[in-house]
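Student: Listed here are the chains, written in short residue letters.
2 protein chains.
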Amino acid sequence: MNPNKKRILIVGGVAGGATCAARARRLCETCDIVVFERGQHVSFANCGLPYFVGDVIESEAKLLVASPDLFEHRFNIEVHTETEVTRIDRQARTIEVRDLKTGTYREEAYDALVLATGAQPIRPPLPGIDLPGIYVLRNIPDSRKIKAATAQASRALIVGGGFIGLEMAENLVALGLDVTLLELADQVLPPLDAEMAGYAAERLRANGVELRLGESAVSFEQHPERGLILHTSKGATLNTDLVILGIGVRPEATLAREAGLELGELGGIRVDPYMRTNDPAIWAVGDVVEVKNRVTGQWQLVPLAGPANRQGRVAATAIIHDFSCGEKEALPPLAFDGVLGTAVCEVFGLTVACTGASEKLLKRLSMDFEKVYLHPGHHSSYFPGAKPIHIKLLFSKTDNKILGAQAVGEKDVTRPIDVIATALMQGATIFDLENLELCYAPQFGAAKDPVNVAGMLAGNHQRGDFPLANWDELETTPALLVDVRSADEYAGGHVPAAQNLPLESLRDRIHEFPTDRDIWLICGVGQRAYYAYRLLAQNGLRVKVLSGGMKTYSARRRATEASG
Amino acid sequence: MNPNKKRILIVGGVAGGATCAARARRLCETCDIVVFERGQHVSFANCGLPYFVGDVIESEAKLLVASPDLFEHRFNIEVHTETEVTRIDRQARTIEVRDLKTGTYREEAYDALVLATGAQPIRPPLPGIDLPGIYVLRNIPDSRKIKAATAQASRALIVGGGFIGLEMAENLVALGLDVTLLELADQVLPPLDAEMAGYAAERLRANGVELRLGESAVSFEQHPERGLILHTSKGATLNTDLVILGIGVRPEATLAREAGLELGELGGIRVDPYMRTNDPAIWAVGDVVEVKNRVTGQWQLVPLAGPANRQGRVAATAIIHDFSCGEKEALPPLAFDGVLGTAVCEVFGLTVACTGASEKLLKRLSMDFEKVYLHPGHHSSYFPGAKPIHIKLLFSKTDNKILGAQAVGEKDVTRPIDVIATALMQGATIFDLENLELCYAPQFGAAKDPVNVAGMLAGNHQRGDFPLANWDELETTPALLVDVRSADEYAGGHVPAAQNLPLESLRDRIHEFPTDRDIWLICGVGQRAYYAYRLLAQNGLRVKVLSGGMKTYSARRRATEASG
Ligand SMILES: Cc1cc2nc3c(=O)[nH]c(=O)nc-3n(C[C@H](O)[C@H](O)[C@H](O)COP(=O)(O)OP(=O)(O)OC[C@H]3O[C@@H](n4cnc5c(N)ncnc54)[C@H](O)[C@@H]3O)c2cc1C
Ligand SMILES: Cc1cc2nc3c(=O)[nH]c(=O)nc-3n(C[C@H](O)[C@H](O)[C@H](O)COP(=O)(O)OP(=O)(O)OC[C@H]3O[C@@H](n4cnc5c(N)ncnc54)[C@H](O)[C@@H]3O)c2cc1C
Ligand SMILES: CC(C)(COP(=O)(O)OP(=O)(O)OC[C@H]1O[C@@H](n2cnc3c(N)ncnc32)[C@H](O)[C@@H]1OP(=O)(O)O)[C@@H](O)C(=O)NCCC(=O)NCCS
Ligand SMILES: CC(C)(COP(=O)(O)OP(=O)(O)OC[C@H]1O[C@@H](n2cnc3c(N)ncnc32)[C@H](O)[C@@H]1OP(=O)(O)O)[C@@H](O)C(=O)NCCC(=O)NCCS
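Protein sequences, first through last, are from chains W and S. Per the working numbering, residue 12 is the first one in the first sequence, and the count goes up by one each step. Per the working numbering, residue 12 is the first one in the second sequence, and the count goes up by one each step.
Just chain W, with the same shape it has in the complex (with noise of 0.2 Å):
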């Protein structure tokens, strides 16, 4: 080894490694750059695995984004697969090193080293957890294990219903295995409010997805003939042939933890904002660490490969500026700067998409805020094709601020919730929804854009021009329902308790309302009852509207009931 070479060891070779591995490399021709990865693979697309189960990416070879040869040829980087770090010796700065193919042990030397080990699915300790037939898909022997057990398969049952749980349930059931989901909360796709991932809920259902939810899997057993018996919390006992656990994942942190660097209480690594630890030598990167939310400000774990990949890029930065003594003063010139907890799922062709803090999230942190809803096309509804999707803002009654946003429909979803993402990275207010200047085409969205009118409807709320009835006292409050779409959509379905006095007729029959009495409006998506509340309110009357009409309604009962 040149001593007048630094060296930058990496644990860890895929998402947030490699790119450090890659970027430093940039930065610095002259360090030694080494990865070591405990797996056969490094830098391939663990987010494509679902769809190589499933045979929608075809061949494995497409998921190795990059090869140990690539990185030896264009990086000048070494790469060690199947090579496992055991153990961080921080006085020495050296790391103890298995080669898992020979089984023997040595040491290496650092002046960096970069923690990018990422995190291991969940396996809860249930009896039976460890029968053959039961999966986690983390990584591609994961997934070549699964394909071949669904070449035998036509039952498969899923443990859990984040987005991988959704995900697997989608190919496998384009697989032609009958499907049977298990949640234990009383919704799919925790980072969404139960309304919202409702709809997920529905659409798994219509593709002949079993969605047991509020039941968790209590035991497995082998079955005597074929398969496996799992047990529920429910007192059910269901048959299939292989189970497939995405109940989540925890920071792969044990060589952190006993290396005595910080963890925070969610157990991940807690680094700075240039990803590094509280040993001045050490990064960690990737789903490893604790990330600091931009909204409620409280650590977090966000297991995603867009933050992975910026803070293998942050921390390689971070690193090489540090290397380079002359600059010591400057700071790096990126920063990791927290997360909003964007992310997108698709399952049967509805898309799933969130950013920034969920209503229940803000509940629990009993911070300021409100909501409304809306389900605007995807693009004007006079041109063929238009696709609603629906939307639910969250924002800050105190300074306007956009907390966060989720949108659920066929097409383009990922546009607003993009959009907003960006408006909430900028610290952006509702108002500035109101006025961003979006593409407008017949066939891409509309003179008032979905997200414009997002803000328009918080903006209106907030200068008090839209005040806003809460969903959940619906069934109790004492207020008058009046639903305002014509007789024909009342006779189609309504609140129960709502009379029906359309929109049109209201200012003819403006004397039959009361005026000592509390009036709450609803149509089908909120803007006709919005109208009527002008037209009341301006009379003296005393009124609110339920934001997102009978289209939220809906799919709050069904929400409701699907859990119930």
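Take these hints with a grain of salt, some might be off.
Intra- or inter-copy, both count: the list cannot distinguish identical chains.
Stated by the list, open to error - Distance condition first, Cα-Cα at most 30 Å in a straight line; then the derived DSS-like pairs of lysine-lysine: (1) K398 to K422; (2) K17 to K555; (3) K16 to K555; (4) K303 to K412; (5) K158 to K398; (6) K555 to K371; (7) K412 to K371.
Please keep in mind that the hints were generated in silico from the structure rather than gathered at the bench.
For this one, chain W is given, so just place chain S with the ligands on it according to the hints.
Tutor: Just chain S with the ligands now, with coordinates in the frame of chain W:
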């Protein structure tokens, strides 16, 4: 007329005017609100007209977003169609109105007057311009005439390669016509730069449109047997059955001019951020006003529906605010803070979108800028079906602010442009783009989203890590041109003067490079050239990168050839 009621008169009942009327009613139940519309329809979807001609939108009824009847019953707004406003008496606060059905004139008094008169298609004073068979497209009667004409026609000639010209080309081809498109400039789509617009030009040609760039119409005459003859600036004689003029619009500001309202140099009405003209009782919105560009600070015409709608809403709010004398001190709660010029157009399956300033505009204004090109997939390449998006990002070298962006591709093109428009609106820098946290799953975006990568390239440049060679000097530079792609790729086509030295071999062949000469690097899209740059620069060589690589080279070459 009730003397206690304020009267708002609105001239023009489509995007800006209709929105203004509806919003004013929501804010004020007691005002008189009257809309005067010269044409037969209010609230129609102008933007859908090309698709109505092309039978994509099948019925005229679809185009009618709201009817006079709906205005009356839902909004209590009086609508007079086929009624032209012919004069404003600012002193008396009255307008002269002509009923086009009866020819009679009357006067109407106002407290607030809104001019939402839109724009008129330009009909250049060329010989023969008024011959039958030469059409413009602005309203429903126009589209009916064109539809009727296409039924008899087999050839069409479009003059003007802007958004409407291109949409018409697509729709007329879909109807089976042979279409020729004449454009005076050496590119289509004037808001874009030539090399980006070139993708659209190619797409037009690939779909059978005869595109004649750098050529204009000089005169028209009747063909002795059938149709028309058009003489062009290049001396060509073209036969056709019908001509569509799509060479732009001019503000319909006659009323305002005759009333002595302040106009700008571009012929639009000058307004303040509340859309008020220099007469405190008169507001103006939509295509008829000039707006300030947020990037350049220049007055500009932006005849688009989004701004018109938002301006209508702002004006209504300001007027009602003005009426409620109690609040005179405070500013109206909504303002229109200028435009970015965000726009989009689809042509034969290719989406072309832009926001902010173009390179040619920045050059014309001698503004400081730099640019990067990239060609990422619209989603991860390992997931089947990724389509390239060609992106150009313009930014300030002095303060790192985003100045503009253009994108072209088949899928998901509005998403990055809307994200960048949002960032631009918030005054974000390119560093902010690097850090955005956007949706990512295999089918959506990428772990390093195209927008992140655009920010990374620009950020690298600004940090001094990615010096850019100037494409314009490629033919003349004394620099050594090195193509770092593989030998196979190089053999498939390359920049004439470029030598081939594949990236993977550079570390071994570094001694072959001259240390006393500039070296410009080129590859497929710019990424490998950047990698090569990092490695060569750190070895003391004088290196620059051609951003966008061969993809941008080809796009530029095609754009030049097309115009040549
Ligand atoms: C099935 C699936 C689907 C996903 N879909 C998405 C998606 O759609 N969108 C999204 O944003 N994210 C998705 N993710 C999450 C994303 O893949 C992760 O957030 C990302 O890969 C984290 O990167 P990382 O570098 O921290 O960890 P990893 O990519 O997991 O890499 C860590 C590596 O470290 C190795 N390692 C651990 N300990 C040691 C050791 N002691 N010695 C040597 N090597 C070690 C591991 O073997 C592992 O390969 C998905 C993940 C999975 C599993
Ligand atoms: C074919 C076509 C396609 C388009 N596509 C798009 C697109 O994809 N995206 C986009 O953003 N924009 C598009 N636009 C532009 C968009 O339609 C306009 O920007 C928008 O309609 C402007 O609104 P406005 O209210 O200012 O004017 P208009 O909508 O034109 O309304 C003005 C009205 O005023 C009336 N009027 C004028 N003078 C008088 C008078 N003296 N008395 C009474 N009435 C009068 C006119 O008859 C007219 O109906 C398109 C336009 C056309 C024509
Ligand atoms: C393959 C891998 C090692 C590449 O890492 P990388 O080189 O940092 O990332 P990319 O290939 O996206 O390239 C980004 C780099 O190229 C540059 N670049 C990208 N496009 C460019 C272009 N057109 N012109 C110039 N430079 C470009 C970027 O600026 C960036 O360099 P920088 O970090 O020095 O600024 C890493 O992405 C990886 O392992 N991916 C698979 C694992 C994974 O992410 N899994 C989870 C998702 S499924
Ligand atoms: C039809 C037309 C008169 C309607 O005008 P409008 O009522 O201002 O506009 P919209 O129908 O988009 O509704 C927007 C209003 O409803 C409110 N709204 C929309 N969705 C809502 C919901 N789900 N819940 C509550 N309120 C809602 C908005 O806040 C806004 O009200 P505000 O301005 O008081 O804040 C006008 O859009 C028009 O003429 N369009 C056709 C012409 C045109 O735009 N052409 C160019 C494009 S092709």
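Student: Now look at each hint and say whether the structure bears it out.
Tutor: Each hint, compared with the structure:
1. K398 to K422: both (7 Å within a copy, 17 Å between copies)
2. K17 to K555: between (66 Å within a copy, 27 Å between copies)
3. K16 to K555: between (69 Å within a copy, 26 Å between copies)
4. K303 to K412: For K303 and K412, the Cα distance is within 30 Å both inside one copy (18 Å) and across copies (26 Å).
5. K158 to K398: Classified as between: cross-chain Cα gap 28 Å, same-chain 34 Å, threshold 30 Å.
6. K555 to K371: Result: close within a single copy only, 23 Å intra versus 51 Å inter.
7. K412 to K371: within (18 Å within a copy, 36 Å between copies)
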